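Sequence order for the protein chains is U and S.
Mind the numbering: the first sequence is residues 1 to 243 in our numbering, read in order.
Mind the numbering: the second sequence is residues 1 to 243 in our numbering, read in order.
Hints listed in this document are in silico derivations from the structure and should not be mistaken for laboratory results.
A quick note: this is a predicted structure, and the numbers were derived from the prediction, not measured.
One thing to keep in mind: the hints can contain errors.
Said to hold, decoys possible - What follows is a set of in silico ranges between Cβ atoms, one per label pair, in the way DEER data are often shown:
#1 S:G21 with U:Q181: 53 to 61 Å
#2 U:R97 with S:F229: 40 to 48 Å
#3 U:E104 with S:E107: 38 to 46 Å
#4 U:A90 with S:G210: 36 to 44 Å
#5 U:R180 with S:E86: 40 to 48 Å
#6 S:E195 with U:R200: 20 to 28 Å
#7 S:P198 with U:R173: 26 to 34 Å
#8 S:R81 with U:R59: 55 to 63 Å
#9 U:P227 with S:A32: 23 to 31 Å
#10 S:D207 with U:R180: 47 to 55 Å
#11 U:P52 with S:G221: 32 to 40 Å
#12 S:L132 with U:K243: 39 to 47 Å
Note that beta-carbon positions come from the ideal geometry of N, C-alpha and C, so glycine has one too.
2 protein chains.
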Amino acid sequence: MRFTSEQRLDDGVLVREFTLGEIPGTLWTPAASAPAPLILMAHNNGLPKGEPRLVARARYCAAHGYAVAAIDAPGRGDRPRCAADEQARAELRRVMRDGGSAGEIEEAFEAFVGPLVDKSVPEWRATLDALLALPGIAGPVGYSGWTAVGIRLAVTEPRIAAAGFFAGGYVPRAQREEARQVTVPLLFLLQWDDEGNPRRRALDLFDAFGSREKTLHANLGGHTGTPWFEVEDGDRFFGRHLK
Amino acid sequence: MRFTSEQRLDDGVLVREFTLGEIPGTLWTPAASAPAPLILMAHNNGLPKGEPRLVARARYCAAHGYAVAAIDAPGRGDRPRCAADEQARAELRRVMRDGGSAGEIEEAFEAFVGPLVDKSVPEWRATLDALLALPGIAGPVGYSGWTAVGIRLAVTEPRIAAAGFFAGGYVPRAQREEARQVTVPLLFLLQWDDEGNPRRRALDLFDAFGSREKTLHANLGGHTGTPWFEVEDGDRFFGRHLK
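The shape of chain U in the complex, shown without the other chains (with noise of 0.2 Å):
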């Protein structure tokens, strides 16, 4: 791992991107020197660690005593763009605006998202092996964001403690399935009218969730109307996990 830059926020934060062989990421780590745990957050289907929500999410949770890295996933973000998968993603994109049917828009999500995820797993578990060999980083581990990452994540990386995960309407098939192996505490959030992820299949993968601990919270609104105070909610489950 390999720090390419390095800002020191108002409130203390230090904001650092690097890189680890091909992955660009960014680590936000608090201003108390004490080790800190570690939240891995990502966004839902590649968008960019450097997208405002994202950002704005890390950096309440350094303030508040974590360490946060988010890296770029395959194709996306700051990564070299990769044509197969610039072709699924545009494919997704003309299924949504041509008003394609539920089946029509599972199969073009998949075809997109399901390589992703496949692709991206391997690269959190080696951010994660870097992350914590870092001094001032200390585990315990949680994760915020991509569901279907997260999923994944959760049933075959055994550090990661506890999850909170973010829409999940639509979510690959090998997704679903590993939902039921999803053991570790889970806050699921949803918004109600999420325009592109449909609200019967969210509850029924939060039904499907093996997690004997496992919250679902729900706001009115469409997918980025996500309350502020949800930020704060999630800051105070990962204190009752990682801290």
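Assemble the complex: chain U is given as a structure, and chain S must be docked to it using the hints.
Chain S in isolation, oriented as in the chain U frame:
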């Protein structure tokens, strides 16, 4: 309003029993003498105000700066029994015990709880008048608990500024209709496997509320299994709207 007993708890909370005409009530007020916002707290379906889970919630809220009041519903708790009410209650218990159909449960529930809501709400409003006339209680006013009474209060009582409802699988027909007229900020809490409250009906009720700001919290487990952190979340919800 006549106070009949007074007790100061270790954390400074003052607990006073009162009567208002025939209505017996309990008032918890914070140690600080500054005027406090008020929470009306009712247990679903007329469970007594002395029930330990309600008392624990009331004490927590009072310790966090709210005046909290609970009253017994007509024929319930410390109040004289009423033959018609007892008969309707016994019938509901019989139907539930004998594994009655959803329709039979609903009819028995309607016959028991419908009249109880109609009789309770005017008493809550009279109690609210008396409470707001006390020194040290300033409003704004929140409501917490019994969904059906809360719906009717939120619709008919303009002083209610925010409401937290629990369960809501079975709610009398009149209140299911009135739900659309509820417009105050809402926190709707349910248990995912509540044996007495069908999940789908509770979710449909959440969907029906007219409030622009409404949040659903659901946790794994049966009716009495709500985790304690939901009491803290309720405190934060009321903090956003009453403080």
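Indicate whether the distance between the beta carbons of E104 of chain U and E107 of chain S respects the range 38 to 46 Å.
-> At 44 Å between Cβs, range holds.
Is the distance from the Cβ of D207 of chain S to the Cβ of R180 of chain U consistent with 47 to 55 Å?
-> violated, 27 Å
P227 of chain U paired with A32 of chain S, Cβ distance criterion 23 to 31 Å | Since P227 of chain U and A32 of chain S have Cβ atoms about 29 Å apart, the given range 23 to 31 Å holds.
Take the C-beta atom of A90 of chain U and the C-beta atom of G210 of chain S, compute their distance, and say whether it sits inside 36 to 44 Å.
-> Once the Cβ atoms are compared, 40 Å apart, the range 36 to 44 Å for G210 of chain S and A90 of chain U holds.
Whether the CB-CB distance between L132 of chain S and K243 of chain U falls inside 39 to 47 Å = At 40 Å between Cβs, range holds.
Is the distance from the Cβ of R180 of chain U to the Cβ of E86 of chain S consistent with 40 to 48 Å?
-> holds, 46 Å
Beta-carbon spacing of R97 of chain U to F229 of chain S - inside the hinted bounds 40 to 48 Å or not = holds, 42 Å
With 53 to 61 Å as the target window, see if G21 of chain S and Q181 of chain U comply at their CB atoms.
-> holds, 59 Å
Cβ distance range 20 to 28 Å for E195 of chain S and R200 of chain U, holds or violated = holds, 22 Å
CB-CB spacing for R173 of chain U and P198 of chain S relative to the 26 to 34 Å hint = holds, 29 Å
Honestly, do P52 of chain U and G221 of chain S meet the 32 to 40 Å range at C-beta?
-> Distance hint for P52 of chain U, G221 of chain S holds at roughly 37 Å.
R59 of chain U and R81 of chain S - C-beta distance against the hinted 55 to 63 Å = holds, 59 Å
Hint violations for this structure: number 10 only, all remaining hints satisfied.
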